[in-house]
Amino acid sequence: MTDGWDKMTPAQRQDAFLAQWASGEGVPFVDEKAKAGYQARAKLMCDAFQLVKSPQRVPIVPLTTFAPTMLAGYGGKQAMYDPHAVGKAFLDFALKYDADAAGAAPMIMYGPTLEALGYQLYKWPGHGVPEHLSYQFVEKEYMKADEYDHLITDPTDFWLRSWIPKTHAALAALADMAPIYGTMELPMSSSWLISLGTPPAQEALKALMEASRLCFEWINALGPYLGQIMGHGYPFYAGGATKAPFDVLSDSFRGTTPLMMDLYRRPQKVLEAVERLVRPMITTGVSGAVANNNPMVFIPLHKGADGFMSDEQFQKYYWPTLKAVMYGLAEHGCVPCCFVEGGYNQRLEYLAETSDIRCLYLFDRTDMAKARQILGGKVCIGGGFSVSLLLTGTPEQVREETKKLLDVAAGDGGYMLSIGCALDEAKDATMKAFVDAGMEFGKY
Amino acid sequence: MADLKELVSAVVEMREDEAMALTKKLLADGTPPLAVFDAYQAALEEIGKRFEQQLYFIPELIMSGEMMKAASEIIKPLLADQSGGQGKQRLGKVVIATVEGDIHDIGKNIVAMMMDLGGLEVRDLGVDVPADRIIAEAKDFGADIIGLSGLLTLAFDPMKQVVEKLQAEGLRDKIKVIIGGGQMDEQVCKYVGADAFVTDAVAGVNYCKGWLA
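Going line by line, the protein sequences match chains A and B.
Residues 1 to 444 (our numbering) are what the first sequence spells out, left to right.
Residues 1 to 213 (our numbering) are what the second sequence spells out, left to right.
Bear in mind the hints are in silico, worked out from the structure with no lab data behind them.
Glycine included, each C-beta is placed from N, C-alpha and C at the ideal position.
Among the hints, erroneous ones may be present.
Said to hold, decoys possible - Restricting the straight-line Cα-Cα distance to at most 20 Å, the calculated cross-link-like pairs of lysine to any residue (SDA-like) are: (1) 269/A with 160/B; (2) 404/A with 436/A; (3) 190/B with 436/A; (4) 190/B with 395/A; (5) 49/B with 308/A; (6) 190/B with 401/A; (7) 427/A with 160/B; (8) 190/B with 397/A.
What the hints assert, rightly or not - Calculated Cβ distances over 10 Å to all of chain B for the following chain A residues: (9) 9; (10) 31; (11) 193; (12) 364; (13) 388.
Input sequences plus hints: build the corresponding full structure.
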């Protein structure tokens, strides 16, 4: 990637990737002013990651999912079925509110693709939730207790022949596919192909072809808008995404209730499974970051929050593998950006352990004064603004609370102003008050 | 010889297999089913205390609920034979639901289970429940409390609607409203017009018990 890459420390690699991203090289800027704007905004974020003391200003980074489309007057269904509506709404949102980084529009997935797959893992507008709302996760036990060994032995095979058939109705027949390993010698290769040649498997492959064709069409429609957002000077706050291994196991595979019982019923299997998921989760994050030429890898954290498990359980089951994923990302020059949902007041000391790499902990309900006290000068922190105030308060209240938050959390650098939630909804006046207050009071 | 203290300890310490074996043994040895049932209640009380002291968390709540469920399946038929039911007075009635538009149920299910184990009579309406139905069910059930759950910000307005409708029906003074979920706070509580907000199950149960005392 860069000269001397092999000899660099993870933090040096991260700095090199950040510098490359912040340069805006290859971005089709509309004019020189836009280019300068992009570089200035990206620099604010780099300064925060690198804990630069007394930078120019706090970067303002509101995370958004459906908020830009909802503010534009589009219901959830339109957002998920019309990539032009999404693209236009995200572009308008960036230009109108003039924050320092734009939201990842592809997080609003494409409805027709999900339909073609018979997707079961979420309900989405018009498919299980009302058309004006956002998509919602459907948690179930998609991996049975006796499947731990399959996952541990071979995650890819588990994903392909067990989990995908259960969560994508149109691909259910892939469960009967023979393992791919038989293809290594000519006389053995027929069993895999025969299993894919059965009429149900052929139908599944057709559905996969159709879903991927639709998804490709969708990103080709959405892509030019994303180019325009950057072209107008707004970098994106994420290049890739991955998850903490325990959350993969909890959210997507076992389900919260069964997994919490597994901590007592089969603790060793849980440990083996989360360790086995470290490499795939690093690869997932790195591949997105490299493809988008943006080092920031978004990691939403769920079950490690205060209240879900004890400190001892966190230390044993959650933190070591999350940390391993973060360091693995850093090895590749990527910057882990953990979106710390819920409260983490009892876990802050752990987060301080990652002070030798660039990373961000963006908080939801954590006490920001405490976060600053424990993490200030060690790692970049962010967030802490309550979404409830943004949705139910007045612009004056928002302005006042933003100022208070900055006083408490911004310190002498290493802080990004954000709402502690990815916004599905927003209100124009309070959104504007939030960004304006950040601009006004976020100066060092 | 197994005794009830050992059973309480096995449940409190999450020794699931041992708790089940002891339950069966105690019953086989002729221990009154109600005494065995009471041992579980005592264990759950201790688990609730440990939760409040932040010694126990969600895994322990779920495990204890699961142990209680398994034990109840064995004990309840015997109790019915003996006394025609548990014979215990319930503290009060709670209607609980995830509000319209929101389909999340994990938090709600844990709260409903804890309320049931804590001596409240619970009618769980499920997820995505419209305000009108919540009111109708509360009236039909004779609820003392309505518990509204929601994970997403979109739950704020449907929660507010329930309180407004309750008011319009002239029932607001008779029925307490508690809201729960990850994004609930004082601000939302005021906006909705609820009596309390909680972000954990045991706090929710304690509020309800406090109101009914």
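Hints and how they fare:
1. Distance restraint check for residue 269/A and residue 160/B: the Cα-Cα separation of roughly 44 Å exceeds the 20 Å cut-off, and the hinted pair is therefore not satisfied.
2. Taking the CA atoms of residue 404/A and residue 436/A, the gap is about 14 Å. The hint holds against a cut of 20 Å.
3. For the hint pairing residue 190/B with residue 436/A, the CA-to-CA distance comes to about 26 Å; that exceeds 20 Å, so the pair is violated.
4. Restraint check: the Cα-Cα separation between residue 190/B and residue 395/A comes to about 17 Å, which is no more than 20 Å; the hinted pair holds.
5. Under the criterion of a C-alpha separation no larger than 20 Å, the hint pairing residue 49/B with residue 308/A is consistent with the structure, at around 16 Å.
6. For the given pair, residue 190/B sits about 17 Å from residue 401/A by alpha-carbon distance, which is consistent with the 20 Å threshold.
7. Between residue 427/A and residue 160/B the alpha-carbon distance is near 18 Å, which keeps this suggested pair within the 20 Å criterion.
8. The suggested pairing of residue 190/B with residue 397/A holds, with an alpha-carbon distance near 14 Å, which does not exceed 20 Å.
9. Against chain B, the non-interface label of residue 9/A holds: every CB pair exceeds 10 Å, the least being about 37 Å.
10. Listed as a non-interface residue, residue 31/A keeps its Cβ farther than 10 Å from every Cβ of chain B; the least gap is roughly 37 Å.
11. The beta carbon of residue 193/A is kept farther than 10 Å from every beta carbon of chain B, the shortest such distance being approximately 41 Å.
12. With a closest Cβ-Cβ approach of about 8 Å to chain B, residue 364/A is found to fall inside the 10 Å limit, against its non-interface label.
13. In this structure residue 388/A is not separated from chain B by more than 10 Å, as the shortest Cβ-Cβ distance comes to only about 4 Å.
Comparing the model with each earlier hint shows violations of hints 1, 3, 12, 13; every other hint is respected.
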